[in-house]
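Engineer: Okay, here's what each chain looks like letter by letter:
Number of protein chains: 2
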Amino acid sequence: MVPPLDEDSLIARFFAPIAGPGGLGLKDDAAVVVPPPGQDLVVTVDALVAGGHFFAEDPPASIARKALRVNLSDLAAKGAEPLGFTLALALPAGWTADWLQDFARGLGEDAAGFACPLLGGDTVKAAGALTLSITAFGAVPAGRMVPRTGARAGDRLYVSGTIGDAALGLQLRLGRGAAAPGNEHLLDRYLHPQPRLALRDALRRHASGAMDVSDGLVGDLAKMMRASGASAEVDLAAVPLSPAARRACDGDAAAFDIAVTGGDDYEILASVPEGEAEAYEAAAAAAGVPVAAIGRVVAGSGPALFRDRGGTPKAFARGSFSHF
Amino acid sequence: MVPPLDEDSLIARFFAPIAGPGGLGLKDDAAVVVPPPGQDLVVTVDALVAGGHFFAEDPPASIARKALRVNLSDLAAKGAEPLGFTLALALPAGWTADWLQDFARGLGEDAAGFACPLLGGDTVKAAGALTLSITAFGAVPAGRMVPRTGARAGDRLYVSGTIGDAALGLQLRLGRGAAAPGNEHLLDRYLHPQPRLALRDALRRHASGAMDVSDGLVGDLAKMMRASGASAEVDLAAVPLSPAARRACDGDAAAFDIAVTGGDDYEILASVPEGEAEAYEAAAAAAGVPVAAIGRVVAGSGPALFRDRGGTPKAFARGSFSHF
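Sequence order for the protein chains is G and U.
Letter by letter, the first sequence follows residues 1 to 324 in this note's numbering.
Letter by letter, the second sequence follows residues 1 to 324 in this note's numbering.
Extracted from the complex, chain G is given alone in its bound form:
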């Protein structure tokens, strides 16, 4: 099918209505971003490919929401306030106006809901499946971005929310796993990440380092420790699981491994100095975000040590989800 729209009409029809003021009505080659005085601009980019990061048959609005939210999750981990985003969209052959309308609606609703307007973009024809990348902009007080590299020996390690829901939801999408109450929750966690923006002040005030858990807790923790020049000890029994995930993992060691090594959590892993731990917990509670202490940063450059409920060290065959 030859789509009935050229790129300009497509932008005017679907995307201009969801653009923010800096996007200049999407009529220009460029957008203007003005960070508030005294603030640094934080920039993050995530690319998503149908079949890799979502299913091509997912609702278009859900695909759009996920693409924006995984970037907002990065901003949250850096303690940054969203300012806006740009979208590069490669549409596969056979796209329809209905599909794009639904995509733009989901994107627009999230852009409004998270106060992160569309600023600009580019729409091209894909050579294969739907591919999109979002670059999101946020602001932090100058010099105050929460770094991935900041974890220090002695810090407590916290994760927000619950771990493994989305990875177990993906298993359900792949037809693995039995029917059970709570499966809807797992499926929804896979489809609709919830960026922890509410945690950003707590992170900026109290965390030494942070990252969002997007490729699995075990692997992402290893990344953060490598970046920080440290190691860690983690108590696997302390990793917070939702009731649905706990049900899936009860007596199923393989499911638990998936929960802690699979991707798409979009929770925040933070290192917090001992003296700040109480304040961090209080600030997170005040923000309405549950956080759980799962271990400690320790000196050294070796792999993190994971202990199971009985205290036995546990190794993981596959530390994290890799798109390669």
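Derived by calculation from the structure, the hints in this document are not laboratory data.
C-beta atoms are modelled at their ideal positions from N, C-alpha and C, and glycine is treated no differently.
Among the hints, a few may not be true.
To be verified - Label-pair distances were calculated between CB atoms; the ranges are:
| hint | chain 1 | residue 1 | chain 2 | residue 2 | range |
| --- | --- | --- | --- | --- | --- |
| 1 | U | G38 | G | E184 | 50 to 58 Å |
| 2 | G | P303 | U | A286 | 57 to 65 Å |
| 3 | G | F316 | U | A56 | 32 to 40 Å |
| 4 | G | R173 | U | R246 | 53 to 61 Å |
Stated by the list, open to error - Once the Cα atoms are required to be at most 27 Å apart in a straight line, the calculated BS3-like pairs of lysine-lysine come out as:
| hint | chain 1 | residue 1 | chain 2 | residue 2 |
| --- | --- | --- | --- | --- |
| 5 | U | K125 | G | K125 |
| 6 | G | K223 | U | K125 |
| 7 | G | K125 | U | K223 |
| 8 | G | K27 | G | K125 |
| 9 | U | K223 | G | K27 |
| 10 | G | K223 | U | K27 |
| 11 | G | K223 | G | K125 |
Claimed, not checked - With the C-beta cut set under 10 Å, the calculated list includes, among others, these residues of chain G facing chain U:
| hint | residue |
| --- | --- |
| 12 | E7 |
| 13 | A31 |
| 14 | V45 |
| 15 | S73 |
| 16 | D74 |
| 17 | A88 |
| 18 | G120 |
| 19 | F137 |
| 20 | A142 |
| 21 | S242 |
With chain G held as given, fit chain U onto it using these hints.
Structural biologist: Showing chain U alone in chain G's frame:
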């Protein structure tokens, strides 16, 4: 083939060496961009797909350079000084370390040459052909971005450099067109855009509006006039052609149509108020960039009027290159 590298190793090996200071060694989820005091941040994004915007078999260094330069061309048209860029790269199955090494080398050389460092990115597996998008950041004095919407009736229209070389080069790549001296020039213009960053001060000081010509002069001029709520009269004989393009177009009306409607010029189309025209020409000359007056902005909302050498109005079947 299963590539021998996970994403982190790939980043550390190929991309970290070309990252700028704001890129934090590409070890974080995010980069920091700090516009100079009193400056606005200008953001632009361009996506490129193998088979659409370049040939998959083009030298990897050339693909990288083109991806960066088409974005730098947008910054140039806005009068912006480059600050850095992010890269979203979807690699097709079968990529090799040699390919990526060459890609990163080309990207790094251009990043250094144009003082526009890599700040961050994301690398994923493509679902089809190589797909990449770059988001580039630039700075302009607050409120001084040169808009696409600024053309006003009475302004002169200028283009920089020469028009049509890349479109004619693409024809050669497609096996159309005869062997001729100068073909190498046309082929190189297709492969290696030359962003007109040297023109940015002249544009900021003297132009009422500007855009880069990426999808063909005829169609891009129409876009700029629509965005400005104006129309235009263009003298086709005044459109500057390189000697090689002139040779290709001599006595070949179809080749001339390709030259003025084909894409990939990456020259700057600018509207300049009559009172600023002399100063614009002088500033461009001082910057070493040839500019040619090709017509005028006129009142109205109809399509631009193109006149050929004899003054006869000429219509184009196809105004611009469309990726749809």
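Engineer: If a hint holds in the structure, say so; if it does not, say that too.
Structural biologist: Against the structure, the hints come out as follows:
no.	hint	result
1	G38(U) to E184(G): 50 to 58 Å	52 Å, holds
2	P303(G) to A286(U): 57 to 65 Å	60 Å, holds
3	F316(G) to A56(U): 32 to 40 Å	37 Å, holds
4	R173(G) to R246(U): 53 to 61 Å	59 Å, holds
5	K125(U) to K125(G)	17 Å, holds
6	K223(G) to K125(U)	20 Å, holds
7	K125(G) to K223(U)	20 Å, holds
8	K27(G) to K125(G)	20 Å, holds
9	K223(U) to K27(G)	9 Å, holds
10	K223(G) to K27(U)	9 Å, holds
11	K223(G) to K125(G)	35 Å, violated
12	E7	6 Å, holds
13	A31	5 Å, holds
14	V45	4 Å, holds
15	S73	9 Å, holds
16	D74	4 Å, holds
17	A88	4 Å, holds
18	G120	6 Å, holds
19	F137	8 Å, holds
20	A142	8 Å, holds
21	S242	24 Å, violated
The structure does not agree with the numbered hints 11, 21 stated previously, though it agrees with the rest.
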